[in-house]
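So the sequence shown is numbered by numbering that gives the first Met the number 0: it starts at 0 and just counts up by one.
Hints listed in this document are in silico derivations from the structure and should not be mistaken for laboratory results.
Misleading hints may appear alongside valid ones.
Distance condition first, Cα-Cα at most 35 Å in a straight line; then the derived DSBU-like pairs of lysine-lysine [to be verified]:
hint, residue 1, residue 2
1, LYS41, LYS143
2, LYS78, LYS143
3, LYS338, LYS453
4, LYS41, LYS78
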Amino acid sequence: MFRSLRFRLPALFLAGIALTGLVSTLIAFGLFRNYTQNQARKELRREAAGLTQLYAEQARRTQERGTAPPFFAARRLEKASGNRLYYVGVPFFSGQNSGLRPLRQSAVNFPAILRGETLEFEFTPPGEHRTFLAVAHPLYLDPKGDPFGGLVVATPQAQLHDQAVRLVLRLAIALLVGVLVTAVLAWYLSGRITRPLRRLAGAADEVAEGQYDTEVPVLTSGDEIADLADSFRQMTSRLSEAEELERNFLMTVSHELRTPLTAIRGHVEALREGVVEDPELRTASLDVISAEATRLERLVGDVLDLAKLDTRRFTVRHEEVDMARLLEQAYLAFGEEAKQRRIEYSQDVSAEPVIVTDGDRVLQIITNLLANAFRWTPNGGSVGLHLSSENGNIHVAVEDTGPGIGPDEQERIFRPFWTHDGKGTGLGLAIARELAMALGGRIELDSAIGRGSKFELVLPTEPV
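My request is simple: use the sequences and hints to build the entire structure.
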């Protein structure tokens, strides 16, 4: 379970959110702590300045009127503000108690106060175990004279820390709620992602067992998983088609091998048993044996050529090839068949280029294209062979007046073992295209149902 994508996706999302929340909380804590301390210092400065002025006025009035100082006012002020009030220095109520908490001069930088400086510092008051943040403001009885001492306003650091802790707790609650909501959404989304993947994995297992007709789920989400499902569906279709082609090929090859072998064995047995005594009949039997042996040789050669092309275990020679002479050689090989079937057979050579390539392979390609054209051209039709040169390439076109090839089959006909009518081995065009690519060229097809086909071999004049 912990290794499944269904678990790891939400876990990854939650880990990312938790890490982001933790970093954000730490940053917020630091910023808030600095902010609260700065605000506390400003507030302490403002309060210290105001209280210093207040106590200075009270001290002057007490001296002028001879009344007792408001010693109880300090406790009320502490209760109202939440801060501690201390005094360091010479008593300013003519020896009477001011009500302020006394503080030793050693607890602060007293000389700086006497110089009229306002101090910010941290200290631990007598009888306390907590650290206080304090501001000491000089107290003047005479604005033109020297200060008598300093009024110290202090607040516990723990209060500032408690505020930051409350902020962290609130952020932690918000983070926890966010993580829970995200966990639910992540679990739901990961389920939507992994559910079709599990279905595809199940289909892949069935395909691995050879069940190429398995149903692949159709996804309409339009995302990468839908593209994966479409590609997988095409793959299973290709595998099913390849299996069917292989089965048909084996059946076809078996038939193609059995027919000449049967004929050869029949004639050989007749010759061995002396059934054929007439010299002419013996010659005819030998001709049949030779023809069928040639047919077998051609079939086996096609299979071997395809195997070599698939594994790239064949060599390509580089020699000067007179294309006009090579075209004439290929043209003459089908002249007799054209006469017997009353096919209008023509040759058009508009250029006589000499190129550097493998002449035997080029002849094999053109022969395969002509054989395909004669196979599909009906008696009384026409087949044309054309040679031209253009833009550093030579073009050999084979045109026929056969039934034509539909758009959906124009790619399939170049696949091994595929045939339009289920007859033959389906290797000729596949070998021709692979050879053309090995020579640095290509085979182009222009065809439509009812208007015949045009196969064009395009080769560079120089080897690539």
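Cross-check of the supplied hints:
With a CA separation close to 26 Å, the supplied pair LYS41 and LYS143 stays within the 35 Å bound. A C-alpha spacing of about 33 Å is found between LYS78 and LYS143, which places the hinted pair at or below 35 Å, so the restraint holds. With a C-alpha separation of about 21 Å, the suggested pair LYS338 and LYS453 falls inside the 35 Å cut-off, and the hint holds. For the hint linking LYS41 to LYS78, the alpha-carbon distance of about 19 Å falls within 35 Å, and the restraint holds.
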